[in-house]
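**Student:** As they're listed, the protein sequences go chains L and E.
In terms of this note's numbering, the first sequence opens at residue 10 and continues consecutively.
In terms of this note's numbering, the second sequence opens at residue -7 and continues consecutively.
Keep in mind that the hints were calculated from the coordinates and are not lab data.
Values in this document were obtained by computation on a predicted structure and should not be read as measured data.
Watch out, some of these pointers could steer you wrong.
[Said to hold, decoys possible] Derived pair list, reagent style EDC-like, types lysine to aspartate or glutamate, alpha-carbon separation capped at 16 Å:
#: 1; chain 1: L; residue 1: Lys273; chain 2: L; residue 2: Glu311
#: 2; chain 1: L; residue 1: Lys119; chain 2: E; residue 2: Glu126
#: 3; chain 1: E; residue 1: Lys124; chain 2: L; residue 2: Asp132
#: 4; chain 1: E; residue 1: Lys76; chain 2: E; residue 2: Glu126
#: 5; chain 1: E; residue 1: Lys76; chain 2: L; residue 2: Asp67
#: 6; chain 1: E; residue 1: Lys124; chain 2: L; residue 2: Glu311
The lines below spell out each chain.
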Amino acid sequence: MYVAVKGGERAIENAHAWLAEERRGDPAVPELSTAQIREQMTLAVNRVMAEGSLYDPDLAALAIKQARGDLIEAIFLIRAYRTTLPRLMASTPVDTAAMAVTRRISATFKDAPGGQILGPTFDYTHRLLDFALLAEGEVPPAPTALTGPAQDMPHILSFLDRDGLIEEATPSDEPPPDLTRAPLELPADRALRLQALTRGDEGFVLGLAYSTQRGYGRNHAFVGELRIGTCPVEVDIPELGFSVEIGDIELTECETVNQFTGSKTQPPQFTRGYGLTFGQTERKAISMALVDRALRWRELGEDFTGAPAQDEEFVLSHCDNIQATGFLEHIKLPHYVDFQAELELIRSVRAAAFASREAAE
Amino acid sequence: MTMSERRDWMGVLARSQPQRLADLLGPLPAHEMLRNPEIGAVMVRGRAGAAGAPFNLGEMTVTRCSLQLQGGLVGHAYVQGRDKSHAIRAAIVDALMQGPQSATTREAILAPLQQDQSAHRAATRAKAAATKVEFFTMVRGED
């Protein structure tokens, strides 16, 4: 017999009230504003925008505050919010060659035109706790250097491309499939994989990327170029009949140079992996490029070695932390009836086992 | 007015700090909404390998509106974020720029906004330039 059980409303209300109190913490400590989170927890904000798949620093900061700093919970809030927004249009693809770069490095060419620009990076820090941050204090402004007029920063891989040493990135204007509009279908094309990876969980994509480096689907990646900076977003406005820029967004882009393919008819060439993510999220962008490259084994005529990072079904079905969290955490919700059935079953099996043992004795 | 001029000023207005635009514009001229401010999302696209086939990168928030000034000038705005009054002000300036007040509007509103934005870009470029690596080779004295 199935009996619906109600109740728990008061407990839930009180739990939420306590949650709000815990969120606030010690009232003797000044409350954190969302502007403070946006300005001082920028990389958390960036991760929430990237995986929440919505570029809006104010909302990401609000989500982080509401989620008490639990970034996956914050991403969940952003994903839920974005479903309430009408989709007005799609942008023309961002032109990352015209990025106003704050960081741009290459691990393949020391003297790349445009130079190696370190930007505000944790690299070369000693990873020692800086106790000076315990005290409040002014930070001196960062040094500046004279610059010429702004120039486009050509992609480093375009130099290899010019000499035919790397596979071409074939331009097209095919409208891409959209994960947020149609359920994932396999096999997926590269556009769909890139969308899934860019909003995928940083930890999961990092782990997969690392596994390729350790030999599970090895493709020996060099960071051909990593760049961070802002790009204008341009949309066609139907009522005007021309396109306008609706703002600038910060992006991280990683292009990897990987080991070659070639055949009897085609001389060997380097191959590419690609990562592009919202905000300053370089660990994610590099990971994305490595996993993108691993997933391209079929189109590049490589062997499937059974490595997780090569397995499109495995990667795409598990990289989304909101899907994963939803399914994982649902098992803590009441399963009284399911469990009751299991309990009945095990009791009857045990009773039968005891009965047959007694009969044997 | 050319299409490319209008494109440029709409871009400047979209990028402007909402408060700065409000300070520069002052009290709003009389206007009638043709399309009330609407908050929505634009799907931002990238290209595989920077130059290849497009893919969906993720959405961004955007607010749009259309209005008409007394006298019939129509202004449109598409601005990043969720600030409805920012969109209204941007549309008002877009309308003003198409009429007889374009020269004064350019001087009083667009020029300072442009200046802010180019100063900001220049400051970022100067900081980036200071982190540019100057490689040098150590003389090893082996030969």
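**Student:** Between Lys273(L) and Glu311(L), is the straight-line Cα distance small enough, at 16 Å or below?
**Tutor:** Status holds; Cα separation ~15 Å.
**Student:** When you check the alpha-carbon spacing of Lys119(L) and Glu126(E), does it fall within 16 Å?
**Tutor:** holds (10 Å)
**Student:** Are Lys124(E) and Asp132(L) close enough, with their CA atoms no more than 16 Å apart?
**Tutor:** The given pair, whose Cα atoms are some 14 Å apart, holds under the 16 Å limit.
**Student:** Is the straight-line distance between the alpha-carbon of Lys76(E) and that of Asp67(L) 16 Å or less?
**Tutor:** Roughly 15 Å between the alpha carbons, so the hint for Lys76(E) and Asp67(L) holds.
**Student:** For a C-alpha distance cap of 16 Å, please report whether Lys76(E) and Glu126(E) respect it.
**Tutor:** Violated, at roughly 47 Å.
**Student:** Going straight from one Cα to the other, do Lys124(E) and Glu311(L) come out at no more than 16 Å?
**Tutor:** violated (39 Å)
In summary, the numbered hints that this structure violates are 4, 6.
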